[in-house]
Every structure is written in structure tokens, then in C-alpha cells.
Amino acid sequence: MAATGSARAPDRGPGDRLGGLFWRHPNLLLCLLLALPLLWLGVVYLGSLAALLLQSFYSIDEFSGVVVREFTLKTYAELFRAQNLDIILRTVAMATAVTAACAVIGFPVAYFAARYARGAWKAAFYLAVLLPLWSSYLVKVYAWKLILAKEGIVTWAAEGTGTSAILTAILSIPVIGGNSLSTSFIGTWIVFVYVWLPFMILPMQAALERVPVSMLEASADLGATPGQTFRTVILPLALPGVIAGSIFTFSLTLGDYIIPQIIGTSARFIGLAVYQLQGTAGNVPLAAAFAVVPIVIMLIYLAIARRQGAFDAL
Amino acid sequence: MTAAVEFLNVSRHFGTIRAVDGVDLAIAEGSFFAMLGPSGSGKTTCLRLISGFERPTGGAIRIFGEDMGEVPPNRRNVNTVFQDYALFPHMNVRDNVAYGLMVKGVPRARRHARAEELLALVKLEGYGDRRPGQLSGGQRQRVALARALVNEPRVLLLDEPLGALDLKLREAMQDELKALQQRLGITFVFVTHDQGEALSMADRVAVFAQGKVAQVGPPEEIYGRPRTRFVADFVGSSNVLPPELTARLGGPARWSSLRPEALRLVPPASAVLAGQVAALRYLGAGTRVTVRAGAAELAVLLPAGAALPAAGETVGLGFAAGALHVMDEA
Numbered sequence: 001m002a003a004t005g006s007a008r009a010p011d012r013g014p015g016d017r018l019g020g021l022f023w024r025h026p027n028l029l030l031c032l033l034l035a036l037p038l039l040w041l042g043v044v045y046l047g048s049l050a051a052l053l054l055q056s057f058y059s060i061d062e063f064s065g066v067v068v069r070e071f072t073l074k075t076y077a078e079l080f081r082a083q084n085l086d087i088i089l090r091t092v093a094m095a096t097a098v099t100a101a102c103a104v105i106g107f108p109v110a111y112f113a114a115r116y117a118r119g120a121w122k123a124a125f126y127l128a129v130l131l132p133l134w135s136s137y138l139v140k141v142y143a144w145k146l147i148l149a150k151e152g153i154v155t156w157a158a159e160g161t162g163t164s165a166i167l168t169a170i171l172s173i174p175v176i177g178g179n180s181l182s183t184s185f186i187g188t189w190i191v192f193v194y195v196w197l198p199f200m201i202l203p204m205q206a207a208l209e210r211v212p213v214s215m216l217e218a219s220a221d222l223g224a225t226p227g228q229t230f231r232t233v234i235l236p237l238a239l240p241g242v243i244a245g246s247i248f249t250f251s252l253t254l255g256d257y258i259i260p261q262i263i264g265t266s267a268r269f270i271g272l273a274v275y276q277l278q279g280t281a282g283n284v285p286l287a288a289a290f291a292v293v294p295i296v297i298m299l300i301y302l303a304i305a306r307r308q309g310a311f312d313a314l
Numbered sequence: 315m316t317a318a319v320e321f322l323n324v325s326r327h328f329g330t331i332r333a334v335d336g337v338d339l340a341i342a343e344g345s346f347f348a349m350l351g352p353s354g355s356g357k358t359t360c361l362r363l364i365s366g367f368e369r370p371t372g373g374a375i376r377i378f379g380e381d382m383g384e385v386p387p388n389r390r391n392v393n394t395v396f397q398d399y400a401l402f403p404h405m406n407v408r409d410n411v412a413y414g415l416m417v418k419g420v421p422r423a424r425r426h427a428r429a430e431e432l433l434a435l436v437k438l439e440g441y442g443d444r445r446p447g448q449l450s451g452g453q454r455q456r457v458a459l460a461r462a463l464v465n466e467p468r469v470l471l472l473d474e475p476l477g478a479l480d481l482k483l484r485e486a487m488q489d490e491l492k493a494l495q496q497r498l499g500i501t502f503v504f505v506t507h508d509q510g511e512a513l514s515m516a517d518r519v520a521v522f523a524q525g526k527v528a529q530v531g532p533p534e535e536i537y538g539r540p541r542t543r544f545v546a547d548f549v550g551s552s553n554v555l556p557p558e559l560t561a562r563l564g565g566p567a568r569w570s571s572l573r574p575e576a577l578r579l580v581p582p583a584s585a586v587l588a589g590q591v592a593a594l595r596y597l598g599a600g601t602r603v604t605v606r607a608g609a610a611e612l613a614v615l616l617p618a619g620a621a622l623p624a625a626g627e628t629v630g631l632g633f634a635a636g637a638l639h640v641m642d643e644a
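So the sequences go chain by chain: A and B.
Using my numbering, read the first sequence as starting at 1 and increasing by one per residue.
Using my numbering, read the second sequence as starting at 315 and increasing by one per residue.
Treat the hints with caution; some may be incorrect.
What the hints assert, rightly or not - Taking beta-carbon pairs under 10 Å as the criterion, some of the chain B residues facing chain A (in silico): (1) S365; (2) R389; (3) A400; (4) M416; (5) P421; (6) A423; (7) A462; (8) R468; (9) V640; (10) M641.
If you're looking for bench data, these hints aren't it; they were derived computationally from the structure.
On a predicted model such as this, the values are computed, not experimentally measured, just so you know.
For glycine and all other residues, C-beta sits at the position ideal for the given N, C-alpha and C.
Looking at chain A on its own, in the form it has when it is part of the complex:
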């Protein structure tokens, strides 16, 4: 029997006709989809970034405190003054330590989630990792202040378990130690690690999930010990995820100005310096120059990671 009727289904209204238009002009749909995000990214985001960059090339008149709108590298030179250089080095050291700790702590969690967690365990993993992100950042930081304070939970637990000596020994380490955990660099570091850890775990888990089990088996099959498999197969294949995670933890630490204010010594970090310079001090050019520092550091970091082949497995 031959089929009857038209080869063309009836038109189902304006939505259908619009769909047809997009089918005939695929680029039109793409332009419409991208218009708003491009406007946002291009004008609002990149525009303000350019304005920031511009500000950093101005300088401030030392006597009147007025911004001189003339191109100069004087403000950048100021970054290299001992006190400012200290701030930069302190911040970079902290960001490095936080990133390293997040990677070491996060890896086993990410590996477990990617390799072994199934069904309900997987849901529990996502919940456990993401739950801390749902509560207020300030609440978490103040909670940590209570935990780490001199009369806080850690001290109490140390006394209860008879490990006060260990706590005292840790706090007596020069530079990073202090009167109590909540007033030392160690405390700042602990809180940074806690707050940014999810940003390290999730990209690592995504990267590890894409490594097929057969690849690990192939490595063992060819005679590699578990340690060799880790170094030569798992780590290189997970590296893009580790780099992605470290971009988060590194840049978030570089820019944060709240945690060092609440927990730690009175020593300043880049974020705090920017906050104070553009606020009370009114030195917007120097604040802008400080704000450029994390951007430059991240660019250098990515260039090194790329040269080391971190993105080869992508």
C-alpha cells in the first residue's frame, strides 16, 4: 500500500515557524544565545577590568591626596617597597600553602567519589562537599574563630585528651605560631583550607571520573606497582582537574580580605590592602596596582602549568 497524505506536517504556530527560521539560519540562534553573555562579559566585566588597569597607571599626589590622571609607573614601583612586597609575598605563600593542603586533603576524597561511590554514596558525597557552601561564609568563619580561640573547642579537646603539649609546641613555631590558633597564621591557613576545599575536590573528582578503570588495570598488567600507576597514570590524567581546582583555591586566597581580618595576626594580605587602600586611605591607584598582582600571578601560574604539560590530557 502506498502512503497517502502530504510529505509535510502541518504548521503548528509561531513557535514552530521560529524553529524553522533557526533551522534555516543556525548562526542566528547562536548570535541570539550569545548576545547577552557577551554584552555582560565584554562591556561590564572586561570594561571594569580595563578601568582598573587604567587606574593603576595613575598616581596619587602625596600632599593633597588627589589622584593625578597622568600615565606613570610610579604606583607599580611602590609595590616593591618593603612593606608592600611583604604583603604580596605573605599572600602568595599563604595561597600556595592553602592550595597544597587542599590538593593533598581533597585528592583521596575526590578519588573515592570518582572510583567507588555509586548511587546513594555519590549523592552523600555531593551533599557533604557542597553543604558547607550553602551556609553563610561569615557564619563559618566566626564559627572557626570560636573553634580555634584560646578558650575554644580545640584547646578544650587538647586538654581533655592530654595533648596540650602538642598544641603548645605547634603554637610556639616561630612566625606561623602565636598566642592561640585563632591569632596565628596557622589558624588563617586552617580556615582558608576549610572554606576553599570544595572548589578543589569537585574539579579533581570530575577529572578522575574520566579515567577509565581499564587504564589503571593496563598499568598494573604491564608490571607497574600501585605507586608507579599513581605517579605515571592517575596523577597526569587528574592534573587538569588539580590545576583547575588550584586556580580556584589560589586565586580565592589571593583575593580574600575577610578571613585574615577575623582570624590570624594583624599582618595584612593583598585583599585587605586593596580594601583599605581604596576605602579609608583613598589611594585608588595603589589599590588598583595591588589588584593587578593576583591577575599577573595567575597568568604566570597558568603559563608554567601549560609548559609542564598539565593540559596535555585534556
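Given the structure of chain A, go ahead and fit chain B onto it with the hints provided.
Then chain B, alone, in the frame of chain A:
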């Protein structure tokens, strides 16, 4: 002579699922051994028991007489060609092939030279600098083969290695694998669900069904004298005849098998069995005719050039004495 691989009443249960259930096997050194079966029959699990990625829940596995119970995969002198090849995407082809030597600490120059030799063996000279992602499926398969051979294993395990290749390439690789095995003289254990592949390549075939070995033997025996209905049905599309029909064709009242190519069409008057032509299927090298005789349907394979009946025509079926194979088991 000790067998290359020996299964002694080996079981591998996953909870209540008996993936491998009381398997006894002996794989002779230097042979090309095929494990044939449908998916879920336990053949791949058996291969993984040899490589050490699974541990038996019962029984013992011996490789060259040595019990492998406590030996992890990286210390077994067997290597595997994986179904998905499992090439390392972050290494070039040369480093992939040399991997087995690298983890043993062989110096770079030596292992690279050896990798080049193996690439030549699988006809991939000059491909060392490429990434696995830049190769075709057939080329990746060869790299996986070269990589598995670099440690000079005494047993090479192949897990459906040709499954992802298209027909033409698969046939070419079948010939090459067979030639390679004969040249190297090492034991190949080959898992496949393709009965044609198993019959054409292997010296011995083990047919798996539901975690057990249904039959082991040379290909001619597996094909010509299947022990069970399952083997007869799975290996080639044989006509499996119930006891009554066997008796009508002059055999004992037992299950039997009759190969489609052993049947021929004869005038209905003189035949022991007659029926109507239900369907004809042109296969190129021949034509498959389905004949309905009462409740039974029998397939007849006519060679190209033979006179073809019309659909619905009544035909008689004849076969040479001895073509009717009576099976041991139901």
C-alpha cells in the same frame, strides 16, 4: 608437560551471581585458546582471573604450575590486550609501548629501541611520536598489542580485541594475530562472542554458558559434534532437533543437531521429511531456505548456483548418513 594456564574448580561469585562456577580448564603452552560465549557467560571474568584483576572465591588458578592465589596482577608474567585498548592518552605511541619496560627501570634509549622493534612487528614503524588520539581504531589495536608484548609475556590475554573494528579490518587482523601467535610461539588466550572468530583462529575452543564450561575441544569438534543444545545453537546456527524428530529421521529418541549446510532439497515423495518453504534469505555465497515441517522449522543452506524453490512450495529434506549428530545431553 605443565599447562600454561590451569583452572582447578574455579569459582567467582559476586554476591548471589555466579559469574564463574566450578570451571576446570587446562590451556596448553603455545596454543591459541579461545573462550567463546554470549555476554554474561563468564568468559571475560575467567580472563580477568588469569590476569589477576579478579580473585577466585573458590578453587585455584595455576600459571605454569605455580599457584597464583597471592600474586597481584603486576607480578604475573601475563599481559592483556584490553577491549577498549586502554592506551594512555597523555603519552605518545612509543612511550605507551615502552611503558612495561619503563616501570621496570629499563633505561630510556634501550626501551625506546625495543618499542620501535615492536612497532615494526605490528607494522606501525614511524608512528612512535603520535598520540593515541591521532590513530585509527585498527592502529590503536596494534599499539595495544605491541604494548602487551613488550614484556615478553608467556601468556597473552586478548579481551575481544577485534570487537570494535569493522568487518574487513577484523578479518585482516584475525589472520595477522594467528600468524603472530605462530611466529612468537607464546600462548594466546582469546575471549570472543563471535563464533566465526573462535573457530577460524583457535586451536582449542571453550564454550561458556552461565558461568560454566559447556564444552572444550578443537574447533571441528565443537562445530561438528556439539555436546549440548546450547553449544549446537550458539556455535553456528544449527538445526536443533527434539527427540521425536530425531527418531523420525532414523536416530535414537534423543536431542540431535543437523547443520544447515548438511541438508539438501530432494523431491518430497522420496524424502523422510517434507515441508513447505517458509522463507528464503539470500546470503551472497549461498541462500538460506527455511522449511516448515509440522511444528519444526529447519534451515537449509543451499550453495550459490543451486536451483531455488519458490516460497510456499512443498519440498523434501535429505542428508547424508552421519550428518545427524546425536547429543550427549539435553
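Each hint, compared with the structure:
| no. | hint | in the structure |
| --- | --- | --- |
| 1 | S365 | holds (6 Å) |
| 2 | R389 | holds (8 Å) |
| 3 | A400 | holds (4 Å) |
| 4 | M416 | holds (8 Å) |
| 5 | P421 | violated (16 Å) |
| 6 | A423 | violated (19 Å) |
| 7 | A462 | holds (8 Å) |
| 8 | R468 | violated (14 Å) |
| 9 | V640 | violated (44 Å) |
| 10 | M641 | violated (38 Å) |
Hint violations for this structure: numbers 5, 6, 8, 9, 10, all remaining hints satisfied.
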